[in-house]
Every structure is written in structure tokens, then in C-alpha cells.
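Those protein sequence lines, which keep their order, are chains R and Z. If you count by my numbering, then the first sequence holds residues 1 to 88, one letter each, in order. If you count by my numbering, then the second sequence holds residues 1001 to 1452, one letter each, in order.
Calculated directly from the structure, the hints in this document are not laboratory data. Fair warning: there could be bad hints in the mix.
Taking lysine-lysine and the PhoX-like style, the derived pairs with C-alpha atoms no more than 25 Å apart in a straight line are [as the list claims (entries may be wrong)]:
id : chain 1 : residue 1 : chain 2 : residue 2
1  : R       : LYS21     : Z       : LYS1430
2  : R       : LYS21     : Z       : LYS1019
3  : R       : LYS87     : Z       : LYS1279
4  : R       : LYS87     : Z       : LYS1025
Residue-level listing of the chains:
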Amino acid sequence: MIDLLTIFVLAVFVGFEVVSKVSTILHTPLMSGANAIHGVILVGAILITGSAESTLEMVLGLLAVFLATVNVVGGFVVTDRMLEMFKK
Amino acid sequence: MIVQLMYLVAALCFILALKGLSSPKYARYGNFIGAFGMLVAVVTAYVHGVVHNGLWILVAVALGVVVGIPAARSVKMTAIPQMVALFNGVGGAAAALVALAEFFAVPDSSVMFRLATVLTVLIGSVSFSGSVVTFLKLQELMTTRPVLLPAGQQLAIAAGASSVVLCALTIVSPTGFLLWLLAAVGLALGVLFVLPVGGADVPIAISLLNAFTGLAVAASGYVLANTLLIVAGTLVGASGTILTRLMAQAMGRSLANILFGAFKAAPVAALGEEQRTVKSGTVEDVAILLGYANNVVVVPGYGLAVAQAQHAVRELVSQLEKRGVSVSYGIHPVAGRMPGHMNVLLAEADVPYEQLKELDDVNPGITSVDVAVVVGANDVVNPGARDEPSSPIYGMPIFDVDRAKSVVFMKRSMRPGFAGVDNELLYNPKTTLLFGDAKDSLTKLLAAVKAL
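Chain R on its own, in the form it takes in the complex (with noise of 0.2 Å):
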């Protein structure tokens, strides 16, 4: 429990660093960016569906795989489709 308790401190500063140096002409590809990592609560569903033993969680658990994958692939794509035009 304080493992992850540790983890999840140290996590905040590590995010607090490194958000604070991006560029403020790049908040939006931040925002969508954080927005496909968020996305990771995918490996979550993942695992929850397939460990399932009822019905119930079964259902539960691919609704969010559906959700999250959605939220992984068009996180990242929307990201780097406003990249693309930064490069230049």
C-alpha cells in the first residue's frame, strides 16, 4: 500500500516538472496528448475483462475496453495530426 503510495508521490512531482517546461504554443497537443495516455486505463480493462467470472463484470469490462481504446487511438492520432503541422 505504500509502495504504491510512493510511486503515485513521486508521480506528481515528476508531472508537475516536466508539464510546467512544455511550450505554451503546444498546450493543446498537451491537453490531447495527456488525454491519450489517460487512455492506458485500457491495460486496466483489459485485464479486468479477462479475468471475468460472471456476466456481469464480462460486460462491464469490454464496454470499457471499447471506450478506452477509443480514447487511446483517437488521443494519439488527433495529437499527432496537430504535431505534423508544428514540425515545420
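Based on these hints, arrange chain Z on the given structure of chain R.
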């Protein structure tokens, strides 16, 4: 062991992806690294953690890809904010569903597990319904004005209080019914929370909901004892928090005021009482003003994007540069519908990002600017925000274009801006107004400058 290692690789990739955004040049590679990290994590989870339903999971992923990619490919850059809101919402919903499913899978749970579960379900639901309402507002499927329900504030407080009670009850005696009820209250809370937020304040709501989803994912990491979810969710929570704070600063208002102090209708400025004179100019007048200037600043607002005039403004600027005029763009942090939106819209029109300047770059040298051109913006150049404590936008940092040598204000009509506040700049003797559709005016201006 190997699984944990793979998750560590993914977490590092996510951090690098965010780090890449510190420079526009390498940002795209950063995003690739982030996507690679995601692939590593997802494949690891699938290979290692899936006992049943493997095929079903693949089907669900395939469906998600089929829906997500075309949506992301086809969305217009002006509509990015609502797309981000939508992706944010589905992420929040996924987190809440994961926590619900895990709750039913683990009959004998610890207090910490239950605490993390109720938090994930609550924050995830709020984020989902809040994001959907934000989407509806931005897509203009509903009014962009603040919606004030009768007793809306009391309702929100009641929903907030009952969610706290439900959380406590679920922790003490965990039943599925209570958790479902909590999810329902969370959904209501999200709606009540976003409804009173006015159109101009929506960027804040998006940033905050983004932070919420991050936190929901981090909390779900506790539920599943999965370090990757904790790290990634926390990173997103941090980024959403920072952006929310920056936006609030850029509006010169406190977060509480933005969320709960629904924009008070500004006293409609003395319409018809006295007809104040403005100076309106012709395209030729403005072309001469611009063509013989040394130093020009363009201040674009969302109106520019609505008129699809980004390309027209870029062409005009290139033409001016050919004549030896030095031109830059003044980008206000709240220009557009989400943080940094205007930069994306101009980048789409091939404006080099070196020309995009912030408040602190423009204002110190503003007195040596010959012409400030305001296109489709209004509140961000309103001197009232600086000088008149009675103004509803008082305190918002602005471009001090009234201190430039002259101002060209391109406007459709004399209607006040988004905040409904009259703009003193319009009556300033230095200001020349150019009425008409922004794209139309800019195209005519381009022709007139070429003819000089």
C-alpha cells in the same frame, strides 16, 4: 517481474512523450514514443493477464479502433476542443466501469480498496457526464450561455453531499446497489457542474475534467494494484491541474469564480442612449496604413477561425513581409476554445510558430508598434479589463493595443464580444474600424496591399 519491467518501459515512454512537447520541433517524435509505450503496455496486459474472453477483448479493441481513428482523422481543427472533451469523457467512463467490474470480482475487500473504488467510480462518472455536456456546448448542440437551473446551486450541493455520504456508506457496507447509486449521482454531479459554465470559460472546464479523468485512472491503479495506471493517471492529473491554473490566470479570475460565479450578465452598455462615434475606414485606407508600416502585430481571436480566415490572414502577412514590414501574431492564452487552440489553428494555415508571440513578448514593445490589427478578437484587447474595476472582465491580462500607434479593428458589426462587454477601444480616435466578414475583408486587403 518481466511484466513490471514492461510497465516501467511504458511509463518512461509516457514521460518522454510529455517531455517532447517542450519543443515544437521534436514534439511529434515524443507522441510516437508515447504511442509505442501504450502498445507495449497493452500487449503485455493481453499476453500476461488474459485468461478468458481473449477473443471478445480483441473484438472490442477492433471496434474501438474502427470508431476512434476515423473520428480523429476527420475532425476539423476548429472542432478539436469538443473532440478532446469526448475522448476525455470516454476515458473517464472506462475508468468507472473498470472499478465497478473489479468491485464485483473481489468479494472480500480491504478498506483501502473500497476507498479507491468509490473514488474511481465517482470521479470517472463526473468526468464522463461533464465532458459530454462540454461537448454538447462546444458543438453548439445546446446553448453556449451559462445554464442556470432553478435552485441549481442547491441541487449541486445536494448531489455533492449525497455522493460523499454514498462513498462513506459503500466503504462501510460494500454493496453493488450503493455503488451503482454512486455512479448515478456522479453523472448528475458532472452535468450540474458544467451547465452553469459559460462558453468563454469552457477551456477551463475541459482542463479540469482532463485532470479529473487522470485522477480517476490513478485511483483505478490502486483498485487493480497496477503501478502503470497510477503513474500515467497522475501525469495526466498534473498536466490538467497546471493548465487549469494557467487558464484561470489568463482570465484574471479565481477558479471558484469561474466555476460557480456564472458570468453575471453585464449591464448592457447604454444602447441607444447616446450614439458614440466610431471611425470606420475603407479597405484602401487600411491597406495604406499597413503597407507603409514598419512594425505590425496581428491579434487573432476565435472569430477568425469561425470565418475560416486563417489562410487569408497568413497570405496578407506574407505580402506585408515582402514589403519589408515586420509582422508577428499576438496570441492570448484564452484565444480559441481550449488552451493553446489558436496556435494550432494558425499552424494549420502554415504560420511559422516563431511568429506566434505571447502577452509578455508583445506588451513591453507595444508603443513602438505602428499598427495593431485585431481580427475576430474583442475581450482580449478591451482596455476595460485593465482600467475599469467595474468591468466584468476586470483583471484579465490583455494586449495593450490601445498603446500602439494605431489600431485596425476588423469586426462584423458593433455587437459586443463573447463576454457581452462594451469595448472602449472601438471609440478610441486611434482606432479604424473595418466592417465585414473577416475572410472577405482580409482577401480585399491583400489585393489592395498588392496594388500599392
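Right, here's what the structure says about each hint:
| no. | hint | in the structure |
| --- | --- | --- |
| 1 | LYS21(R) to LYS1430(Z) | 39 Å, violated |
| 2 | LYS21(R) to LYS1019(Z) | 8 Å, holds |
| 3 | LYS87(R) to LYS1279(Z) | 41 Å, violated |
| 4 | LYS87(R) to LYS1025(Z) | 5 Å, holds |
Checked against the numbered hints given earlier, the structure breaks hints 1, 3 and satisfies all the rest.
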